[in-house]
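Asks: Each chain is listed here by its residues.
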Amino acid sequence: MTDTIPSASAAAIVAAIVLETGSSVRGDLLFLLGLPLTLVAFAIAARGAWTIGDATGRSWLPGTGACLSMMATVGLVTSFHAPAWYEVLRCLVYAGGIVSVGILTSGNRRARRHAVSALIVSATVLHLVTPLALPHPLIDVWSWTQTSVRALLHGVHPYRAQAPDELQGAFNYGYALTVYPYMPATLIVYAPVVALMGDFRFLLAACVPLTIALVRATGHRLRAKEIVIDAITLAILLHPRGLSLTAFGWTEPLLLLVVAAFVYLVVRAPEGPGQATAFFLLPALKQYVIAPVVLYLVMKPPRPPLRAAVVGLTVAAATIVPLLWWDWRPTLAGIVFQMIELKSPRLDSDSLVALSGVTTGYYPDRWWSVIVQFVTGGFWYWRLRRTGAAGLLLASALTLFATFLFGWQAFPNYYYFVAGLLLLGALVLAEKTACSEKSCAR
Amino acid sequence: MFREILRSLTIAVGTVAVALVGEGVYVVRFCSRHQAWLQARSGRNVVILNHQYGVPRAGDAVFACETTHRIGSVVLHVDLRYFCAPATTDVSTVASSIDGTCTVVSLDQSAEPHNQQSCDDHLDF
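Quick note, the sequences are listed as chains A and B, same order. Under this note's numbering, the very last position in the first sequence is 448; numbers go up by exactly one each time. Under this note's numbering, the very last position in the second sequence is 132; numbers go up by exactly one each time.
Read the hints as simulated data drawn from the structure, not as lab findings. Honestly, I wouldn't trust all of these hints.
Which stretches of chain A does chain B cover? Using the computed rule of at least three CB atoms under 8 Å from a CB of chain B, they are [said to hold, decoys possible]:
| id | region |
| --- | --- |
| 1 | 23-35 |
| 2 | 173-185 |
| 3 | 406-419 |
Which residues of chain B face chain A? A few of them, derived with a C-beta cut under 10 Å, are [what the hints assert, rightly or not]:
| id | residue |
| --- | --- |
| 4 | E11 |
| 5 | I18 |
| 6 | G29 |
| 7 | V82 |
Ideal Cβ positions, reconstructed from N, Cα and C, are used throughout, including at glycine.
So here's chain B without its partners, still in its complex pose (with noise of 0.2 Å):
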């Protein structure tokens, strides 16, 4: 029996082994948010695997921060985020938090929804 259920452990640690491997090549090849980054520098368009539906909320602003994308000490690429937060917040409040440069994207709530630009997070401070 004990037989067994080591083997059920050690898939276990397979199987988090196989998420992290996956994970990696994830983060590495197909980082939806360095897409967004390359998609904004470059123009063209490229395939973004992970969608958002965050919008700004009521009197919310959209910051577009770049930050720096790292596993441990190791540098693998810059992203690009947009963080929806009050529009009353200071853009550097927003890039402090986040460890990064931000700039402000939208001011006008009036976006039909269609239009609006979507958030990859929201911030209250």
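Next comes chain A alone, as it looks inside the complex (with noise of 0.2 Å):
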């Protein structure tokens, strides 16, 4: 059967889809649609992972290509209050994507060659003028980090640095921001593109194409089938919210790069320092990746060798130590801010903690996420501990995903996130050698 592919990796690819769009619907209709379509997601995913190293062929073209046409639309009808000269380039591109979504499916490679090709490019643009259409938006990501990555380049301690308050004390979240909330290795990667570009975002949005050109590399060398690279790449580009990611400052496109980046090491240098210095690299980059650092340490493979673990890890560390050694206060502070400030659950997540704190009024302690996080992560250890790359990254995001779905808060670029890894994992069991037990364990 010639358009079949492993049941795991079609159900990731689903899941994955589901999930962006589940995760993409907010305001009146988050418990009612977005919240029960996430679920629905993360059955698909737990499915999915369940059957990893079933050699079944799946018939999948048909069903992800509705999911895709359905996730394109609710990208064309999301708006971020642009300018109108940005919405409309914004929903011609959705609009592409609906269009390319049905020439996916059609069975017509040139044609299919030539709408990808063509919605790369034109998301590409996009993404790269995103900046310039919101130049100033208004959310404390934004403001916060220009705040702290011009105070780096000016010698002060970025942790010390104030940001002024864009929204005038308009919204209150339950917390008085007071210092950087994120991870040091943030300011780092962002500090060359303010310094050159004035806007640490155009490095979010250059994050996009590097991303897709790192997944259709590794696609190429696993020898996947071309249909399958280009169905995950639409997967990605056409994201709902992928733009208000890029408007807004949101780390995990950065995330994603990354993730993308040691899969690419993963398949193309096994044994040497690069993939671990890639993951390594994604807690020092947000806080919540813990637990798939410590499944990527005891699951074999793609478990690194030990010179290689101790080069990322020192790498990692490099972008940690030398703001601690700085100043230690505010950059703990900074670091672990949103692990403690927070008094109660944001009821506008897609979780199951705001669903119950807004139909009784009660949730659970914000620790129990971080139960659900180990707990989670070591079934799906005990599950898929011999599956390699693609085991490593359907548990890692099943991990997360059970975290969200059980944390304090929940939004649209967590789950982006935990997409990115189906999507990855789908890739990986995509592989177009037949899977032996030795060759699915890469």
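Combine both chains into one complex, guided by the hints.
Replies: Okay, structure coming up:
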């Protein structure tokens, strides 16, 4: 059967698309459509991960195409109130995406190649002009990141800098932001971009085409079917809130680029220090990536050689230690801010905790999500410990997925990364060679 | 190929239809602003799905406004919405801008954050 791929790969792709769609539904329909779709995605992903190693092929394209069309439509109707010219361009790209999905499922290879190329180029341009369309977004992420990076560039400790309240006290989320609440590595990575272009979001915009390039290069090395690579490409580009991640300055596009680099290096140079460096940079960039690192160290393969692991850990530590050495108090305060300063869950989160809080007034303590992360991670380690990089990616995705469902905060950017992990896992599973036990465990 | 493109477009239309139905169900059955009106009228606890985090800015007053929620010319129910606007704003100005009836709820800026009345929206005149 020429139109089949391993069932786990098909399930991971569909789960990622449904998750991207569900997590993008906000406002009035959050608990009526958004959270139910998110939960469905979790069930599909879990079912798919459970069947890793099952060599039974599954017809996947019609269902995947339908989900992609649905997702692109949600992207088309999801405005974030940018200038009219930008909204027109955005709608054109998503409308083009809906047409591209049709071409993807048509079997016309030449048309598909042109459609995917056109979407890559147009989506890239749109991401790159996003900071120009929204030069001053009213969100704390952007203002705190700009302020802290500029402080670093001027020789001031970035965690001592204070950013202006862009919202002028109009919103109260249960905490007062008094310090840059993200990891030092983000400041280091953003600094050259701010110095050259004035806005760190240009790097986030560039992450999209770079991620696509790595995904496609990895797919070609794995000799995965071109149509699978194209479907995964569309799944990344047509994320309904993908542009808002660039617009508002969330870090997840950078995280996805790093994990895409990790997967590329696992395929290209599995014994080298590059893959370990890439994976250890994940928790150096975002605080919630903890259990995946533990999984990486205990799952074999792709557990790195000791020397590579030491190099990777050293690079990650090098992004944190200098700022701690400079002034450890504000640095530590910033790193742990989101773990300890929140007084109650965000009830507009795409999570079971938010649903419980809204409907009953009760919600579990914040540390439940930590317990869930490690229990879920332990379960999927047990199930997927001999399934190689694909198992690591799916186990990481499901672990973080469960963490967010039981977390005090769960927003589209968090699930963006989970969906990316699922798509990369699907890509590895779609490797062309017959799936013997030895060749599956890359 | 054109058949598959048409299929994709059909799914897109279906997606929009599902979203509109969902929005209709929400508005008729779960409208958070109508639930707020019911809670204010009856004093009983009701489920309000759409949580708001807006609060009065420095110098703002909070205006409680009743508006009629309509779909086209069909009247659904009464909504209760809270607006934050500069305290110097006349209540009739707020009322006419949102086509409803309003009263001033709070001018007390010294309230603790957890005791503050939240705002559905901020208005400036």
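Asks: None of the hints should be skipped; say for each whether it holds.
Replies: Hints versus structure:
1. 23-35: holds (count 3)
2. 173-185: Contact hint for the region 173-185 of chain A vs chain B: holds, 6 residues under 8 Å.
3. 406-419: violated (count 0)
4. E11: holds, 4 Å
5. I18: holds, 4 Å
6. G29: Holds, about 5 Å.
7. V82: violated, 19 Å
Comparing the model with each numbered hint stated earlier shows that hints 3, 7 do not hold.
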